[in-house]
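*Asks:* With the sequences and hints as input, model every part of the structure.
Numbering-wise, my numbering puts 84 at position 84 of the sequence shown, and it's gapless, one number per residue.
No wet-lab data here; the hints were simulated from the structure.
Worth double-checking, as some hints may not be accurate.
[What the hints assert, rightly or not] Here are the in silico distance ranges between beta carbons for each label pair:
no.: 1; residue 1: 110; residue 2: 20; range: 34 to 44 Å
no.: 2; residue 1: 95; residue 2: 73; range: 30 to 40 Å
no.: 3; residue 1: 106; residue 2: 50; range: 18 to 28 Å
no.: 4; residue 1: 108; residue 2: 20; range: 41 to 51 Å
no.: 5; residue 1: 107; residue 2: 23; range: 29 to 39 Å
no.: 6; residue 1: 35; residue 2: 74; range: 13 to 23 Å
[What the hints assert, rightly or not] Here are the simulated lysine to any residue pairs, SDA-like style, with alpha carbons at most 20 Å apart:
no.: 7; residue 1: 106; residue 2: 84
no.: 8; residue 1: 106; residue 2: 78
no.: 9; residue 1: 107; residue 2: 77
no.: 10; residue 1: 106; residue 2: 80
no.: 11; residue 1: 106; residue 2: 74
no.: 12; residue 1: 107; residue 2: 78
no.: 13; residue 1: 107; residue 2: 81
no.: 14; residue 1: 106; residue 2: 50
For clarity, every value in this text was computed on a predicted model and none was experimentally measured.
C-beta: ideal position from N, C-alpha, C; glycine also.
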Amino acid sequence: MVLLESPESNFHARRSGSSASARQLAEHYYYAALDLVLEGHHEQAVDEYRQALAADPRFTDALHGLSRALQDLNRFDEAIAVAQQISEVDPDDILAHTSLSILYQKKGMVPRPKRKATKRAF
Numbered sequence: 001m002v003l004l005e006s007p008e009s010n011f012h013a014r015r016s017g018s019s020a021s022a023r024q025l026a027e028h029y030y031y032a033a034l035d036l037v038l039e040g041h042h043e044q045a046v047d048e049y050r051q052a053l054a055a056d057p058r059f060t061d062a063l064h065g066l067s068r069a070l071q072d073l074n075r076f077d078e079a080i081a082v083a084q085q086i087s088e089v090d091p092d093d094i095l096a097h098t099s100l101s102i103l104y105q106k107k108g109m110v111p112r113p114k115r116k117a118t119k120r121a122f
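*Replies:* So, in structure tokens, the structure goes:
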């Protein structure tokens with residue numbers, strides 16, 4: 001697999017309209033983002049995930065990574081928007097729904113159940 005690294009080749013890959021080259025470019029940025037996350041550089045990882053998505057907006061692995069990196073940076077509103085985008089791209093993606101639930105909890109957006117008065121039988 002040849003990765004496109006120069007700005008000129010990135011430009012030509014995007015202009016060519018080839019979905020294979022777009023995915024290849026997206027994967028290049030995605031793996032760079034994963035490395036940055038492992039090194040604890042979440043802000044830079046966000047930039048790489050965004051580059052991956054610029055190359056292939058339907059790359060759900062990059063969307064998941066971006067959502068998680070934003071969550072780790074406590075940028076919950078942005079993370080929620082990305083998780084919602086995943087649900088739009090793939091409505092059957094269970095992890096997207098789970099991520100949304102976790103993010104809503106972290107933001108305190110989970111409705112609290114009302115307590116019902118109960119009678120105790122003795």
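*Asks:* All hints are to be evaluated individually against the structure, with a verdict given for each.
*Replies:* Evaluation of the provided hints:
1. For residue 110 and residue 20, the hinted distance range of 34 to 44 Å is satisfied, since their beta carbons lie about 42 Å from each other.
2. At about 19 Å, the beta-carbon gap between residue 95 and residue 73 misses the expected band of 30 to 40 Å.
3. Take residue 106 and residue 50: their Cβ atoms lie about 22 Å apart, and the range 18 to 28 Å holds.
4. Take residue 108 and residue 20: their Cβ atoms lie about 44 Å apart, and the range 41 to 51 Å holds.
5. Look at residue 107 against residue 23: about 33 Å separates their beta carbons, and that is inside 29 to 39 Å.
6. Restraint check, residue 35 to residue 74: a C-beta distance of roughly 22 Å satisfies the suggested window 13 to 23 Å.
7. For the suggested pair residue 106 and residue 84, the alpha carbons sit about 16 Å apart, so the restraint of at most 20 Å is met.
8. Pair hint residue 106 plus residue 78 holds up; C-alpha atoms about 13 Å apart against a cutoff of 20 Å.
9. Distance restraint check for residue 107 and residue 77: the Cα-Cα separation of roughly 8 Å lies within the 20 Å cut-off, and the hinted pair is therefore satisfied.
10. Note on residue 106 and residue 80: the hinted pairing holds, with a Cα-Cα distance of about 11 Å set against a maximum of 20 Å.
11. At roughly 9 Å between alpha-carbon atoms, residue 106 and residue 74 fall within 20 Å of each other, so this suggested pair holds.
12. Note on residue 107 and residue 78: the hinted pairing holds, with a Cα-Cα distance of about 12 Å set against a maximum of 20 Å.
13. As the CA atoms of residue 107 and residue 81 are separated by approximately 13 Å, the hinted pair is consistent with the 20 Å bound.
14. With a C-alpha separation of about 23 Å, the suggested pairing of residue 106 with residue 50 is violated against the 20 Å cut-off.
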